[in-house]
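Asks: This is what each chain is made of:
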Amino acid sequence: MNDIESKLRTEARNLLEQGKVNAIIGFAPGSLKFTTTPLITGDKEDTDRLVINPFIANNLSVFLHEIEGPVGIVAKGCDARSIVSLIQDNQLAREDVFILGIPCPGVIDLRKVEKLVGRDRDEIDDITRDNDRVTVAVGGENKEFSITEVLRDDCLSCESPAPKEYDLLLGEDNVVVGDRELSRSHIRELESLPPAERWEFWKNEFSRCIRCYACRQVCPACFCERCFVEESEPQWISPLPRWQDNLVFQATRVIHVAGRCVDCGECERACPVNIPLRSLTGKMDEIVEELFGYKAGTDKDAPPLMTAYVPEEAEDFIR
Amino acid sequence: MYRRKRKILSGDNMKKIKKKDIGKLLSKWQADFTVFTPSRATGVARMEEWDGKDTDFLTWYRNTVIPPKNNILPNMEAMFRFQKDEAGYQLEPVTPEQKQIIFGIRPCDARALTIIDMVFKDTYEDRYYLTRRQNTVLVGLGCTNPYESCFCTSLGIHPAQSADVDLMLTDIGNELLIEEITDKGKELLGKSSGLTDASSNDEDSAKQSRETAYQKVTRKLDTTGIADKLQASFEDKDFWEKVAAKCITCGICTFLCPTCYCFDINDEISKGSGARFRNWDSCSFSLYTKMPAENPREEKWQRVRQKVCHKYEFYPRLFDTIACTGCGRCIRFCPVNWDITQTLESVPEHSAV
Amino acid sequence: MSQDAEWEPKILGFLCRWCSYAGADLAGTSRKKYPPNVRIIKIPCSGRVDPLLILKALRMGFDGVLVSGCHPGDCHYQTGNYRARRRIAITKKFLEYIGVEPQRVQASWVSASEGDKWSQVVADVTREIKEIGPNNLFADE
Amino acid sequence: MAITDISNRKKFPANGNVYLPNIAVIEKIIEETADTRTFHFNFKDEKLREQFTFESGQFGEYSVFGVGEATFCISSSPTRRDHLECCVKRVGRVTNAMHRLGVGAEIGVRGPYGNSFPLDYLKGKNLVFVAGGIGLAPLRSLIWNVLDNRNDYGNIDIIYGARTPGDLCFTYDLDAWEKDSSVKMTTTIDREHEGWSGRVGFVPQVLEQAAPSAKNAAAIVCGPPVMIRFTFPVLEKLGFTPEQMITTLEKRMKCGIGKCGRCNIGDLYVCRDGPVFSFAQIKDFISSEY
Numbered sequence: 004m005n006d007i008e009s010k011l012r013t014e015a016r017n018l019l020e021q022g023k024v025n026a027i028i029g030f031a032p033g034s035l036k037f038t039t040t041p042l043i044t045g046d047k048e049d050t051d052r053l054v055i056n057p058f059i060a061n062n063l064s065v066f067l068h069e070i071e072g073p074v075g076i077v078a079k080g081c082d083a084r085s086i087v088s089l090i091q092d093n094q095l096a097r098e099d100v101f102i103l104g105i106p107c108p109g110v111i112d113l114r115k116v117e118k119l120v121g122r123d124r125d126e127i128d129d130i131t132r133d134n135d136r137v138t139v140a141v142g143g144e145n146k147e148f149s150i151t152e153v154l155r156d157d158c159l160s161c162e163s164p165a166p167k168e169y170d171l172l173l174g175e176d177n178v179v180v181g182d183r184e185l186s187r188s189h190i191r192e193l194e195s196l197p198p199a200e201r202w203e204f205w206k207n208e209f210s211r212c213i214r215c216y217a218c219r220q221v222c223p224a225c226f227c228e229r230c231f232v233e234e235s236e237p238q239w240i241s242p243l244p245r246w247q248d249n250l251v252f253q254a255t256r257v258i259h260v261a262g263r264c265v266d267c268g269e270c271e272r273a274c275p276v277n278i279p280l281r282s283l284t285g286k287m288d289e290i291v292e293e294l295f296g297y298k299a300g301t302d303k304d305a306p307p308l309m310t311a312y313v314p315e316e317a318e319d320f321i322r
Numbered sequence: 205m206y207r208r209k210r211k212i213l214s215g216d217n218m219k220k221i222k223k224k225d226i227g228k229l230l231s232k233w234q235a236d237f238t239v240f241t242p243s244r245a246t247g248v249a250r251m252e253e254w255d256g257k258d259t260d261f262l263t264w265y266r267n268t269v270i271p272p273k274n275n276i277l278p279n280m281e282a283m284f285r286f287q288k289d290e291a292g293y294q295l296e297p298v299t300p301e302q303k304q305i306i307f308g309i310r311p312c313d314a315r316a317l318t319i320i321d322m323v324f325k326d327t328y329e330d331r332y333y334l335t336r337r338q339n340t341v342l343v344g345l346g347c348t349n350p351y352e353s354c355f356c357t358s359l360g361i362h363p364a365q366s367a368d369v370d371l372m373l374t375d376i377g378n379e380l381l382i383e384e385i386t387d388k389g390k391e392l393l394g395k396s397s398g399l400t401d402a403s404s405n406d407e408d409s410a411k412q413s414r415e416t417a418y419q420k421v422t423r424k425l426d427t428t429g430i431a432d433k434l435q436a437s438f439e440d441k442d443f444w445e446k447v448a449a450k451c452i453t454c455g456i457c458t459f460l461c462p463t464c465y466c467f468d469i470n471d472e473i474s475k476g477s478g479a480r481f482r483n484w485d486s487c488s489f490s491l492y493t494k495m496p497a498e499n500p501r502e503e504k505w506q507r508v509r510q511k512v513c514h515k516y517e518f519y520p521r522l523f524d525t526i527a528c529t530g531c532g533r534c535i536r537f538c539p540v541n542w543d544i545t546q547t548l549e550s551v552p553e554h555s556a557v
Numbered sequence: 207m208s209q210d211a212e213w214e215p216k217i218l219g220f221l222c223r224w225c226s227y228a229g230a231d232l233a234g235t236s237r238k239k240y241p242p243n244v245r246i247i248k249i250p251c252s253g254r255v256d257p258l259l260i261l262k263a264l265r266m267g268f269d270g271v272l273v274s275g276c277h278p279g280d281c282h283y284q285t286g287n288y289r290a291r292r293r294i295a296i297t298k299k300f301l302e303y304i305g306v307e308p309q310r311v312q313a314s315w316v317s318a319s320e321g322d323k324w325s326q327v328v329a330d331v332t333r334e335i336k337e338i339g340p341n342n343l344f345a346d347e
Numbered sequence: 099m100a101i102t103d104i105s106n107r108k109k110f111p112a113n114g115n116v117y118l119p120n121i122a123v124i125e126k127i128i129e130e131t132a133d134t135r136t137f138h139f140n141f142k143d144e145k146l147r148e149q150f151t152f153e154s155g156q157f158g159e160y161s162v163f164g165v166g167e168a169t170f171c172i173s174s175s176p177t178r179r180d181h182l183e184c185c186v187k188r189v190g191r192v193t194n195a196m197h198r199l200g201v202g203a204e205i206g207v208r209g210p211y212g213n214s215f216p217l218d219y220l221k222g223k224n225l226v227f228v229a230g231g232i233g234l235a236p237l238r239s240l241i242w243n244v245l246d247n248r249n250d251y252g253n254i255d256i257i258y259g260a261r262t263p264g265d266l267c268f269t270y271d272l273d274a275w276e277k278d279s280s281v282k283m284t285t286t287i288d289r290e291h292e293g294w295s296g297r298v299g300f301v302p303q304v305l306e307q308a309a310p311s312a313k314n315a316a317a318i319v320c321g322p323p324v325m326i327r328f329t330f331p332v333l334e335k336l337g338f339t340p341e342q343m344i345t346t347l348e349k350r351m352k353c354g355i356g357k358c359g360r361c362n363i364g365d366l367y368v369c370r371d372g373p374v375f376s377f378a379q380i381k382d383f384i385s386s387e388y
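Protein chains in written order, with our numbering: chain D, 4 to 322; chain R, 205 to 557; chain S, 207 to 347; chain E, 99 to 388.
It is possible that part of the hints are untrue.
As the list claims (entries may be wrong) - The following residues of chain E were derived to be distant from chain D, with all beta-carbon distances above 12 Å:
no. : residue
1   : Val-192
2   : Gly-264
3   : Arg-297
4   : Gly-364
Claimed, not checked - Quick look at which bits of chain E chain R covers, simulated, 3 or more residues with Cβ under 8 Å:
no. : stretch
5   : 219-233
6   : 343-350
To be clear, the hints were calculated from the coordinates, so they are not data collected in a lab.
Note that the Cβ used here is the ideal one computed from N, Cα and C, for glycine as well.
Model the full structure from these sequences, guided by the hints.
Replies: Here it is, written out as structure tokens:
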């Protein structure tokens, strides 16, 4: 058990004991190798199961709207940005959430590891991290990788791994282990293609979408009570999983979460059919930053991107 | 617990084939059938039409992400087409005529089809499903390397043996041992080439291979009395709320489940002609049961309860079998690691109703 | 193909009822000549245009979408067109990124008195979309 | 009485493909309330018109081609074979589309599906019909069925209510039953309403006041879920056993034949095992999923 973990358990227990929160949302050990699972509990005994490790993947803020506050929540940098964004959108009151900030060293992308070692995650014996080196033990062999090879892309481009908004920061504000360019390399690669090929690429990707809506369900920014895909009068898109409608669904979703998407990368991780969704959301984040200098989840007092304006904003595209 | 009687096969009609000859065999079958094999060509592992070359799956394939139910109950299928003319609406049913082979189906997924056969045969026969099913030959391939999430043995399924397929293959190193399971399989074997007779040594190594696979399934679930336990806990809202707390109600577990068969029916139309389709639906979605004024399963704990109870309580009561084969997909692909075995193990003991 | 020469784009216009719709009306009553390619849907404000409407129109096979509202500062609801501006800006950029020709998503400010401008906008937009050709984005081969 | 016995269930008589609807033509449309219409229709195929049989309580799947299918009970009585009827409240995509159709329009009809009211059990008994709003539609089929065989049954009590006078459906039937001396008809509306001189009060209360005897009787109940929930306790108070209380349930359905999965209450499928249930069968589920 690491320092942060033991501190977290003590603090979480105290919060529950002192009645400061109704529930704690954190991570517990998962039932599979290298996984954690969200722990949502009001029972102080459960706090002994809280963990912090390189596999705390979920953006836990997605659960906030389900629990009556105040709630204590374990938050990595991205989770905290989501919380800020939810506050901006009036989905959450600041006083209803007690942020237990985790200076996040980055989450390991198991798909990348699988690819690097050519084995499935359950065939890997161990993954250990020592600063910038990661050792993967597989088939009686130790393979060494640099951290940038195995971190999730969203972690690589994360500018605030330690939450900026918190009630308690468990640990030191840490150094950014990032490689923004690397994390956006797929976007650059797509941009270098002619438009028709880009469209063809996404058409292929969305041909295998099964409309499980995991991307939407894991997304804290997708907080609409009723999503447009579920409207029936009028029916905006067909419920049939055709690539056309799958693509319209996702494109619309990405536009709808513009300025709310904090690049936590959960949509891509959740996708069971490996659609590189972060290459859509990541691009939208860039657009928003480029056009409006806006970074989602960085200022809880700022108005949400889409409700604000500057009269002199660029409008060269308007006749 | 539901079990099919296994046909006892005498050793002398066992055949085998060299792995390197599989391509030739599949090509031969392609003359009469559309052949589906495990494939990652589309970016996700599923049963795809064989490209005529690639037999790499023999090395990488453990199981598909999209279950082979997709080849019998596709995630979207046209049921009939309609057109309007002066005489009114004309309907033209779509009949699935393609004769197909699913090569490499795992015993868990083959059992899943046996299980959902029951609902599609029940009371009213579902022509679409049953025709596809009749037109399909299942060539099973025993597991050698089950996943950590697999728990088939707890559901009475052997990872490398199956009575739910037509032909069963067992990996014996450089070769695959072939067992005839049904007449359909026998017929297909008659159309095959490159087979040689298996020796008793081959059978021994097959036995060994099966045994090893069986031992590798380490996740266990005790299903004794589970239906009664679930029934007694049906109204235990606290329990279900706790179990459901981390569920994000996406459709992964149900869509990727080989025994989840629920569907929706939708029309498409353009310029007076169109078609009626059915597509997968999921009890995880709140819209699934929504009625204008009410929704019996509005809350997510009710939907999680439905999913669990349907598989482990209702289906056994209706058809005498648990509607789960322990394939582990719902655990493996769940974004929040919601684990059905943990849920079932934590069902509280209530006094029987 | 000879058909190409005859092909005329179908463009869906979302026009704010206070300015652009009135502007288009004026263009009509003052008998301006301009291409008939824009089918108009009257909306309360350009701020009403959810990007979903733009995508839906393209999905339905429209060759282009034109959103038109009041000039900045003139919005009947004070800020609706400013919000529309942000939305259209990101939608346009994003759709371009995934491979939609930027010409298919168009926007204009046309006031109630700008009948001339409306006819010019329609002529320009129609010409630009004609140049890129029909919307086959969602076609199945 | 095994209401859910499916062994003798009538199957859809057409073409072997249960999902393929038969074309029917709308012959008449009656405006019941502001949002509810009754459609009279007949199958286009003459032979099918003659072959088609159903029983009170069964339902059909109705198509508006290009829009989809929706589930409605057959609200006419099998004793009146001139045409079939269904009563449609405008609540969603398909029902809106139905309301846009005129006389002469073609719809698709699959069915009949589901079980029916247990006539054998009801015969010789005093019957208490309790209905609210559009819930009268399925009961109406049974009421006319019973009235057309009047000598087979004992006393008949009908208690019917709606929110306002404008929400009362089948007013032409209500008038007919009012005039029928062999029927004790009570119509009520929820609250006082201008121009309404009749009974005021919620259906369960009116039922309690009317206090029909449970002796050799059966109660058949249909209405909005909230009405049904409050009606059963009243019936219990009046001495009705759970077996004597019969209702027909409404759930979201797609296939109508027990496959698509959504209409279950526990291991009972409303489409396949119902929609007619005795309270004895569903009382365990009534609090949570019904």
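Asks: Quick one: work out the minimum CB distance from Gly-364(E) to chain D and report holds if it exceeds 12 Å, violated otherwise.
Replies: Consistent with the label, Gly-364(E) stays out of reach of chain D, its closest Cβ about 26 Å off (over 12 Å).
Asks: Minimum C-beta separation from Arg-297(E) to chain D exceeding 12 Å: can you confirm that?
Replies: holds, 36 Å
Asks: Verify this for me: three or more residues of the stretch 219-233 of chain E with a beta carbon less than 8 Å from a beta carbon of chain R.
Replies: Since three or more residues must qualify, the claim that chain R covers the stretch 219-233 of chain E is violated, with 0 doing so at under 8 Å.
Asks: So is Val-192(E) really clear of chain D, every C-beta pair being over 12 Å apart?
Replies: violated, 9 Å
Asks: Examine the stretch 343-350 of chain E for residues whose CB is less than 8 Å from any CB of chain R, and state whether their number is three or more.
Replies: holds (count 3)
Asks: Gly-264(E) clear of chain D by more than 12 Å, beta carbon to beta carbon?
Replies: holds, 23 Å
The structure fails to meet hints 1, 5 from the earlier list, while all remaining hints are met.
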